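There are 4 protein chains.
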Amino acid sequence: MINGEKLISRPLRWAMVGGGRTGQVGYKHRTGALRDGNYQLVAGAFDLDAERGRDFGVNLGVAAERCYADYKALIAGETTREDGVDVVSIATPNFTHYEITKACLEAGLHVICEKPLFFTVAECEEVARLAEQKGLIVGVTYGFTGHPLVHQMAAMVKKGMLGDIRIVDLQYTHGFNAGDDVGAGEAVKWRTNPRTAGPTFVLGDIGTHLYYLSEVVLPHMKVERLLCDRKAFIPTRAPLEDHATVLMHYDNGARGRLWVSSVNAGNMGSQRYRFVGSKASLEWSDSHPDQLIYEVQGEPGRIMHHGMPYLEQESLAIDRMGALHTEGLGDSWSNIYLWIAQAIDAANRNDQAFLKTHHYPGITAGTEGVRWLENCVRSADAGAAWVDFA
Amino acid sequence: MINGEKLISRPLRWAMVGGGRTGQVGYKHRTGALRDGNYQLVAGAFDLDAERGRDFGVNLGVAAERCYADYKALIAGETTREDGVDVVSIATPNFTHYEITKACLEAGLHVICEKPLFFTVAECEEVARLAEQKGLIVGVTYGFTGHPLVHQMAAMVKKGMLGDIRIVDLQYTHGFNAGDDVGAGEAVKWRTNPRTAGPTFVLGDIGTHLYYLSEVVLPHMKVERLLCDRKAFIPTRAPLEDHATVLMHYDNGARGRLWVSSVNAGNMGSQRYRFVGSKASLEWSDSHPDQLIYEVQGEPGRIMHHGMPYLEQESLAIDRMGALHTEGLGDSWSNIYLWIAQAIDAANRNDQAFLKTHHYPGITAGTEGVRWLENCVRSADAGAAWVDFA
Amino acid sequence: MINGEKLISRPLRWAMVGGGRTGQVGYKHRTGALRDGNYQLVAGAFDLDAERGRDFGVNLGVAAERCYADYKALIAGETTREDGVDVVSIATPNFTHYEITKACLEAGLHVICEKPLFFTVAECEEVARLAEQKGLIVGVTYGFTGHPLVHQMAAMVKKGMLGDIRIVDLQYTHGFNAGDDVGAGEAVKWRTNPRTAGPTFVLGDIGTHLYYLSEVVLPHMKVERLLCDRKAFIPTRAPLEDHATVLMHYDNGARGRLWVSSVNAGNMGSQRYRFVGSKASLEWSDSHPDQLIYEVQGEPGRIMHHGMPYLEQESLAIDRMGALHTEGLGDSWSNIYLWIAQAIDAANRNDQAFLKTHHYPGITAGTEGVRWLENCVRSADAGAAWVDFA
Amino acid sequence: MINGEKLISRPLRWAMVGGGRTGQVGYKHRTGALRDGNYQLVAGAFDLDAERGRDFGVNLGVAAERCYADYKALIAGETTREDGVDVVSIATPNFTHYEITKACLEAGLHVICEKPLFFTVAECEEVARLAEQKGLIVGVTYGFTGHPLVHQMAAMVKKGMLGDIRIVDLQYTHGFNAGDDVGAGEAVKWRTNPRTAGPTFVLGDIGTHLYYLSEVVLPHMKVERLLCDRKAFIPTRAPLEDHATVLMHYDNGARGRLWVSSVNAGNMGSQRYRFVGSKASLEWSDSHPDQLIYEVQGEPGRIMHHGMPYLEQESLAIDRMGALHTEGLGDSWSNIYLWIAQAIDAANRNDQAFLKTHHYPGITAGTEGVRWLENCVRSADAGAAWVDFA
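Protein chains in written order, with numbering that gives the first Met the number 0: chain A, 0 to 389; chain B, 0 to 389; chain C, 0 to 389; chain D, 0 to 389.
Derived from the structure by calculation, the hints contain no laboratory data.
Nothing here was measured: the structure is a model prediction, and the numbers come from that model.
Note that the Cβ used here is the ideal one computed from N, Cα and C, for glycine as well.
Among the hints, a few may not be true.
[Stated by the list, open to error] Pair ranges (Cβ atoms, derived):
no.: 1; chain 1: C; residue 1: E124; chain 2: B; residue 2: K158; range: 53 to 59 Å
no.: 2; chain 1: A; residue 1: R51; chain 2: D; residue 2: E64; range: 53 to 59 Å
no.: 3; chain 1: B; residue 1: G134; chain 2: C; residue 2: H358; range: 47 to 53 Å
no.: 4; chain 1: D; residue 1: A237; chain 2: C; residue 2: H358; range: 36 to 42 Å
[As the list claims (entries may be wrong)] Result set (DSSO-like, lysine-lysine): computed pairs, CA atoms no more than 27 Å apart in a straight line:
no.: 5; chain 1: C; residue 1: K101; chain 2: C; residue 2: K71
no.: 6; chain 1: A; residue 1: K5; chain 2: A; residue 2: K133
no.: 7; chain 1: D; residue 1: K278; chain 2: C; residue 2: K188
no.: 8; chain 1: A; residue 1: K158; chain 2: A; residue 2: K5
no.: 9; chain 1: D; residue 1: K5; chain 2: A; residue 2: K5
no.: 10; chain 1: B; residue 1: K5; chain 2: C; residue 2: K101
no.: 11; chain 1: D; residue 1: K157; chain 2: D; residue 2: K133
no.: 12; chain 1: C; residue 1: K278; chain 2: D; residue 2: K133
no.: 13; chain 1: D; residue 1: K157; chain 2: D; residue 2: K221
no.: 14; chain 1: A; residue 1: K158; chain 2: A; residue 2: K221
no.: 15; chain 1: A; residue 1: K221; chain 2: A; residue 2: K157
no.: 16; chain 1: C; residue 1: K221; chain 2: C; residue 2: K355
no.: 17; chain 1: C; residue 1: K158; chain 2: C; residue 2: K355
no.: 18; chain 1: C; residue 1: K278; chain 2: C; residue 2: K221
no.: 19; chain 1: B; residue 1: K133; chain 2: A; residue 2: K278
no.: 20; chain 1: A; residue 1: K355; chain 2: A; residue 2: K101
no.: 21; chain 1: B; residue 1: K188; chain 2: B; residue 2: K158
no.: 22; chain 1: A; residue 1: K188; chain 2: B; residue 2: K5
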């Protein structure tokens, strides 16, 4: 159980790029990073509007002189300080991830970046090489995968409690974009424009969460072929999609089906995962994250609750609130931020042994997400045809 | 509200072929048919074992001499009686549907048949012509579509309460065949053998329910293209499938996704329907059939209950138990049997005007189900390729 | 599993008093009685309006001459026929139950009566003596207690799977009487008038269902003391109540809490039963009657489904639809009607051995319900004071 | 929406008494207090074992010399420092609350204390006078009442959306004490001993949460009479209770029923609140805290989600994660800690105007909880008799 005791050598000095007052994403980073004392927010380039960004940063407790106009100024300013930041979180539109990440790494700073990481696998691989060469960490904020019951699922699959995995059913849909985008805010605008969003809208925005979480639960399985059928029900979003179905064939013969949509009118909280094995199934939804449904064929269905002693150690070790007490998305983010902090701490100490076995969403996870998107787009562009996963 | 008052000229004299003591399906027919006095069970060929069938029939209150050894004897015996049966229900394995139906129709008897109706569209069309020529009815027992909330959905779609339909999400899965078929009973054996089951297993056995119900709710939409990816996780079932995903493109641009499986280990009652429009969505599951979820984007989700005054007249008119009082699958079957009785009654009176507007699952519904299966198989056999719906 | 095969010597000739076109309750009796061929509806006095009653009866298939103006005419007419009815169901307002029941019994007819049975225990005991003397059955339509999972609960309690029972939590509430009764229909008017309803409104109307079902599950436990706090939120209903809480102390030290209300605004389907033992609990609601929640302390909660092989034989034996296929309230009524038919059949054969062990809601169950109501009223009238159960 | 921007003049210097490594409660305080930068944990007396407490404190980032052996040393040490703490949180067994609170207040320190606050109302009132005299704040950690949907309920009641409140149904039960206490840990031992727990076990431990939350939602209603029936199913816990039912009559004629139990075997997360008005009802459970059920009689039930624009401003203003993203108990605690911080900040600035309208669980809330417990015990000791609320 995590209780706030320190798990790293010293708190990391931390800056944010983006995540300012006008958006919602910044607070998720801060509430995830700050509750345990692993990060100290000491600098930032929070906003395209430098004045507003400074005001905001000061309100967060950052010294005015460490509230920068942009990421370049931040890097310049911080790398010349004795007490400069260790790590920078990037919570900006997709099209800026690559250049900011590269600049930070080149300046010797660790990076924590929003998903989808970059536009292309080639960019990811270039950055991966750079990070490795510099001995730096790139974390990716797959924020839902810190939940104790996600790791309960992984542990149960690993122990063989499901038998052979046969079916993977993934869904992340909502209806917030059911209407058209006339008068929509900035967050919608950049996400539906290929120049700023990259080659996908909902596939990248929410589908990568599904894909990464399935990798965490099923690390032994690989996609061999997939088919992606995508569509923009609001035509102005084309060629990007507001709805897509992806079929996947895994190397062990399993079948996957994935649904992402932001035009599923009225739908709330339907991020749903179902893993079906030859003996039993697991089902988890982030809308009731404290419950895990475990169904053995021929037996009564079981509802497992987070924090209960019957869970696997892998799950109990990362529980924060204890049984009966709900954990929310912020608790999950705080585990993600913790694990990345541990990676950074190990990298700072050059503890390669630790890094070899330590699990966190890093550059590989980010790359695999982009690779999956590339395959989806390739299939969709070929007329929703089957493609070999490459 | 249906309260048992007669809706047809006189009770129909009714026989069953199949539906004997060793299976479960027969009681569904009887409990659906008998509660309102629209049918009188007066004859039957209930069992391949004639002795056991007679004993069973007598126990159901059928005169011993009207418990026949097989359907041929039944037709021969009943058509020579003054008080011979009007209609025969066929609750036998798929491969017998076609020949028994034809024989009944040729003998002047109406038919009520299990789904999937026959093996091929050609057979369906031949039978349709025969029925029309004889002025006889062929009903098909899509047993779930009698529920009041199914018709609530249809009425709401018709009134435009969902806007334009964009997404159709259909699922009927269970896990009863998660294990292999060694030692399995007769019901599993014939369903997994192409000779007796026809070209599909779960697509025909449960998928046709999904497809027909979606036709009831969305009568204005047609499938233009589809792709079917099917698989037998238990290899002895091949070439039939125990799992399939079907993607559908509708003529109005909507996208459909359908999942059928009998290896979804531990899954109970997940027949789920979701219809997503540009304004709102509807979701219904037969596992909690008294509730309908209606979600307007941007408003709190709504839970509608059967029998409540706020429902549409189309739904209230076919309610049996009233609000607060659960209806089960048997109540739904009793509506289906009622509607078929009304069709038979009208046919007997040659009331073409009534028949023109009367809604019930008949030969057209049965044919469309088989057509959909043919398209699914064609796609699957082409390597899960897109095919134009033909 | 019940499949419609006969379980009694011959179908019973059956009449209804009340249950006509203007109410909802009559169909519940008919749909419960008629689906299995245990009853033949051949006579009735369906309506205070004799003409309307005759028209209705004929529509149900009853011969016009056996549609009587009132119960006296029915008894007179039927007892002089060779093929007169065996049994009469009484679906009239509470204040008529006693006189109609007595008249039927005196005429040698079995009775099936709505709850609450009569106004006083004295009346119940008088009728019990009369029935015993005549060798006749009085059944009481506690319609929810025919559900297979109710008997699953009883079997699990009996086997000790819950340990010692500690807490009994019972709730049956709805909001249909949240508004005042200006312009209310007949059904509300007679239920809120002490002259026609007897000494209670919701306690008798819905509370007796809770109490009887708890007796079925916990036959070994007796109430020793109780306290009833009742209130009419709509003042015109006083001295009757539209809301009550009853606390109960059982002879084994268990504690009971019961809530009935018809002013629980917006509440649908919350008939809920929870039985808590020293080891485990059971929870069942008639709004999702196909699921039973079984919770062992320290283990994942379990969801049991009707019709599944892991259930006790007592439950499987009375299942009608089979696993995956929902049962509704009508299916439960049909079991109640079956069990009463078996009692009548045994009484007709004077099979005392059968009657000694046969379980059905009879005169004892009806009497105990009225006794409980008397105790509730005595407590409430004493200012919601504790009273010894008498 | 709360996004981490500062809402007080400066971060508060904060110490904890109790809340060490061996219990779960301490982390709830820390995760609630630390995420927004309103508190800096700079001192503590975390553990009865001074050595272990120091090790723990250092691990939390507290300087070793500010990890004290006990609360007296903490007060002595901190009040002599220039940068001494502003406020002390007390997360120790009940019997110590009073003396530690008094000592802190006398030393000029604000206090945040666990519930139930003290043993008697007299103690509460004495402390209230002391706090007022000193101009200091006493906050009480009713941790569930920070959730946005709790305040949505309060706002809806205030606007009259429910009509007149008629029924209040409160439940907080679990089964963690279903077994006996042989070998139980410290947390159970002190809670079941009157010397250390005070006059109640579950009534104080979990029932006060129910009572305070109902006060937040229904500030206009007062309890006039109550009846408490309590019992120790595990006899060694007597005279304290592990199960109790409380009936309440409110001054507006409403009826309340409350259930607390720690022997509700297998029950998880059933903290449930239902507020029934003449027009509509609200229902909320902390086990699915992101959903609020709003039921208007005669309309479909509505499910409201936190963070959605259709909510009242009172709710949206305190949302942290935004729609679709679950909030957990920690988020609720962080609002409670924020509101107490704002009170302390205002007290430090002697901003009486702010304090007059600022809402947070303070000494009054704590006192009312203890008053309610006193009334419950008085009733229970009189044989579960009605008592006038005093």
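For each hint given before, does the structure comply? Return the numbers of the non-compliant ones in rising order. Failing hints, ascending: 2, 8, 10, 11, 12, 19, 21, 22.
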